[in-house]
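Starting from the given sequences, assemble the full structure and let the hints guide the process.
From first to last, the protein sequence lines are chains H and X. Mapping of the first sequence onto the numbering used here: position 285 corresponds to residue 285, and the numbering continues sequentially without gaps. Mapping of the second sequence onto the numbering used here: position 45 corresponds to residue 45, and the numbering continues sequentially without gaps.
Pairwise CB distance ranges (calculated):
| id | chain 1 | residue 1 | chain 2 | residue 2 | range |
| --- | --- | --- | --- | --- | --- |
| 1 | H | Val22 | X | Arg277 | 35 to 43 angstroms |
| 2 | X | Arg277 | H | Asp312 | 40 to 48 angstroms |
| 3 | H | Pro107 | X | Glu106 | 51 to 59 angstroms |
Calculated directly from the structure, the hints in this document are not laboratory data. By construction, the Cβ of each residue, glycine as well, lies at the ideal position given by its N, Cα and C atoms.
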Amino acid sequence: MSTAQEDATTATITAFVNDALVRDGAPVDARTPLLELGLLDSLGLGSLLAFIRERFGVAVPDERVVPSAFMSAQSIARLVDELVRDGGFACIEPAPGGPVTTSHITPRAFALADGTEIHALEVAGPDPRWLLLPGLGEVASSWSAVLTSLATEHGALAIDYAGFGRSSGPLHTPTLRDHVGHALAVIEAWASDEPLVLVGCSAGSMIACELARRLGSRVRGLVVTGFGLLDDPESWWLALQRLADDPRAFLAAAFDRPVTLSTAALEGSLSRPAYRSFLGPDDRARLPALFEGLHVPVLVVGGQSDGIIPRDAFVRASEAIPGACLEWLARCGHFPHAEQADELVHLIRGFLSEAVA
Amino acid sequence: MSAPSSAEDVDVAIVGAGPAGSCLATLLARAGRRVAVVERADFPRYHIGESLTGASTPILEELGVAEEMDRRQFPPKRGVKVIGHEAHNEFFVPVLNPTWQVRREEFDQILLERALHEGATLRRSVVESVLREGERVVGLLHRPVHGHADGPAHELRARFVADCSGQSSLLARLGVASKRVVDDVFSRQIALFTQYEGARRDPGEMGNNTFIFYGTELHWAWFIPLSPTLTSVGVVMPAAKVAEHGGPEAAFEWGRTHINPDLAKRFNFAREVSPVRALANYSYHVDRFWGEGWCCVGDAHQFIDPIFSFGVSFALIEARAASAAILDVLVGADEATRLGEYAALCSRGQGVARDLIRYFWRFPTFFAFLARGEYRRDVIRLLGSACHDPEELGAIKAMRAALREAGVETAVAGG
Ligand SMILES: Cc1cc2nc3c(=O)[nH]c(=O)nc-3n(C[C@H](O)[C@H](O)[C@H](O)COP(=O)(O)OP(=O)(O)OC[C@H]3O[C@@H](n4cnc5c(N)ncnc54)[C@H](O)[C@@H]3O)c2cc1C
Numbered sequence: 001m002s003t004a005q006e007d008a009t010t011a012t013i014t015a016f017v018n019d020a021l022v023r024d025g026a027p028v029d030a031r032t033p034l035l036e037l038g039l040l041d042s043l044g045l046g047s048l049l050a051f052i053r054e055r056f057g058v059a060v061p062d063e064r065v066v067p068s069a070f071m072s073a074q075s076i077a078r079l080v081d082e083l084v085r086d087g088g089f090a091c092i093e094p095a096p097g098g099p100v101t102t103s104h105i106t107p108r109a110f111a112l113a114d115g116t117e118i119h120a121l122e123v124a125g126p127d128p129r130w131l132l133l134p135g136l137g138e139v140a141s142s143w144s145a146v147l148t149s150l151a152t153e154h155g156a157l158a159i160d161y162a163g164f165g166r167s168s169g170p171l172h173t174p175t176l177r178d179h180v181g182h183a184l185a186v187i188e189a190w191a192s193d194e195p196l197v198l199v200g201c202s203a204g205s206m207i208a209c210e211l212a213r214r215l216g217s218r219v220r221g222l223v224v225t226g227f228g229l230l231d232d233p234e235s236w237w238l239a240l241q242r243l244a245d246d247p248r249a250f251l252a253a254a255f256d257r258p259v260t261l262s263t264a265a266l267e268g269s270l271s272r273p274a275y276r277s278f279l280g281p282d283d284r285a286r287l288p289a290l291f292e293g294l295h296v297p298v299l300v301v302g303g304q305s306d307g308i309i310p311r312d313a314f315v316r317a318s319e320a321i322p323g324a325c326l327e328w329l330a331r332c333g334h335f336p337h338a339e340q341a342d343e344l345v346h347l348i349r350g351f352l353s354e355a356v357a
Numbered sequence: 001m002s003a004p005s006s007a008e009d010v011d012v013a014i015v016g017a018g019p020a021g022s023c024l025a026t027l028l029a030r031a032g033r034r035v036a037v038v039e040r041a042d043f044p045r046y047h048i049g050e051s052l053t054g055a056s057t058p059i060l061e062e063l064g065v066a067e068e069m070d071r072r073q074f075p076p077k078r079g080v081k082v083i084g085h086e087a088h089n090e091f092f093v094p095v096l097n098p099t100w101q102v103r104r105e106e107f108d109q110i111l112l113e114r115a116l117h118e119g120a121t122l123r124r125s126v127v128e129s130v131l132r133e134g135e136r137v138v139g140l141l142h143r144p145v146h147g148h149a150d151g152p153a154h155e156l157r158a159r160f161v162a163d164c165s166g167q168s169s170l171l172a173r174l175g176v177a178s179k180r181v182v183d184d185v186f187s188r189q190i191a192l193f194t195q196y197e198g199a200r201r202d203p204g205e206m207g208n209n210t211f212i213f214y215g216t217e218l219h220w221a222w223f224i225p226l227s228p229t230l231t232s233v234g235v236v237m238p239a240a241k242v243a244e245h246g247g248p249e250a251a252f253e254w255g256r257t258h259i260n261p262d263l264a265k266r267f268n269f270a271r272e273v274s275p276v277r278a279l280a281n282y283s284y285h286v287d288r289f290w291g292e293g294w295c296c297v298g299d300a301h302q303f304i305d306p307i308f309s310f311g312v313s314f315a316l317i318e319a320r321a322a323s324a325a326i327l328d329v330l331v332g333a334d335e336a337t338r339l340g341e342y343a344a345l346c347s348r349g350q351g352v353a354r355d356l357i358r359y360f361w362r363f364p365t366f367f368a369f370l371a372r373g374e375y376r377r378d379v380i381r382l383l384g385s386a387c388h389d390p391e392e393l394g395a396i397k398a399m400r401a402a403l404r405e406a407g408v409e410t411a412v413a414g415g
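Below is the structure:
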């Protein structure tokens, strides 16, 4: 006998499977063998887990993600109901890309002097620790696949900028300079003297470059992704603002493979004041000098299908920095940390071991 | 049959100069033993099996060939990229230790030269049978390739005989070892492969990795860089499909263009530089692969499936374990005990590999999930072919539990 609760959960899961996973072919019912029919591929599993997290407020722990629990909508519903009954699991925000693991990742909060509270996600581990700086509009959990991939082999911290994610405070229109100041304060509290690796994506790369200039030899490596040396920053910024007005078009340009708005965690954030205020006219005028005066080992990683930053810009950035390495990721767009986390971690590790040698 | 001619004596006679045979010969000769390798093929010779795993690196270093491999500019392999169905997704698993992609004609030659350098000797000869005294194997009968076809076979007396004859499974065929048991799932597969000049790689360092393209269940392809311009490409499918497509060439062509869209688009400016070769019936094992005065090493007693490039690394791991056992036996250790230990190590590794591969085919989605989640480190170890470790890793425990739940028999841990 199934309870009303079970039936309701089963119906919700079945509807999701039909909406999101059944590409063509007959719709499934509660007992359709999803695995036998090959309906649940890796991406599908990722979005199903994200859906369960959003809709039911529970994260399925890794050890429960086993074939027998995902045979049919009904068996998935049974698992969900059980997790809900057991009071759920500590939830972190949904991330774009691959599945999220919650176990090693702990939320952190840093109260700063200007009243801003910076929210972050941390994994503990040996130095040098990695500071992970997302793109504008992204949240700390966009790095969760990187945090998982690092496991406990390096300590790392991914932050939410003021105005985004779970960070909060008085600043509604923070600028690049504000974000740099916040990051310095977070570093002071998190790792006052320890050696650091700075990994940025897009706007995070701009912040990372500023940090590297200020922190000097403490920085064992600077990794620039999703950004480069633009030949015309002014028209690039204009085009980006136009793209941000249409989140769907933005996602299509940014990601190599289609992502849904909810899993990209960008929804809403592109229209925020903090998105528009990031780069003032002065900051844009200084962009051509962004890669000057960097005296740390630098790795530039370009996504081959990045529709936000042109290919040339990655090449020029790597040429502007003496000794910089340039690597590419195929089938990867503007957000390597979300699209190819394991590959990015692998490239950074290789770069760091060469930089040390 | 005429009486054998030119009898000679060695400590160990080895059949075959593939990775297993040459590795074993090197380690035994280095320890001061008189070793004779009997190989029927003219070296250098082509062989399939071009991608190594991280577990092979320390052994190649121990053998003293790592520098030579760098000098030959074998592409450095740092990981495996698996591109999913219709290229909708992909995942990457780094190697356990940096390793190489190899051109086998050169690699096998390097290993053989190393063995000869350490003092092993080589006979260009076909092994035809074994010499026995009661149950005990005491040597080989072999016929030189360049000798008279109807002349007498040569006798090679040895205190121990190692069968490293690869897919020929010589001792199983001769009835010394037990018969080959064909694997139920993978034996119905056929591999079709060739090499290309100028096939398009992923850019930069990532392009040197092994690429596995997943099609649908039991349909897949490999793409392995062998030099800056040369790439090995193979497609694997159920053998029954070949006739359907009109022969090996056509079936290869179909696979190359249909298994995965990301594979299909890599050949715009590429040129096929060798004939399409086909290999079927490559999945088998031999239950009893050691006895009085003999053992089998590498492919001679088992090969499962090429999907994770375990073959050469397993051959090397087993050869190293066999060399330790044989050296002990030659100085009086209890033969059954030492060979039993060697066999247990082989079976443990093969059991883990088999369950890993079965799980990959049965539950590809969950395999990818394991490779990215909490068990990632285990998966890195396993794909690095560290399958022989005594400890049963959490990932393999989880896979075995899922397989059993689905009614698939699995190997027993530690067995
Ligand atoms: C389709 C396919 C793809 C593969 N891909 C990979 C891969 O990517 N990576 C990997 O590591 N492995 C791969 N393998 C497996 C790999 O080829 C083997 O596991 C490996 O070569 C085994 O080494 P070995 O020394 O045991 O045998 P072999 O390398 O086969 O050597 C055996 C030698 O014995 C000789 N011989 C045989 N019989 C006699 C006789 N009677 N007298 C004298 N000499 C004899 C042969 O001439 C040969 O030189 C693949 C296998 C297949 C089928």
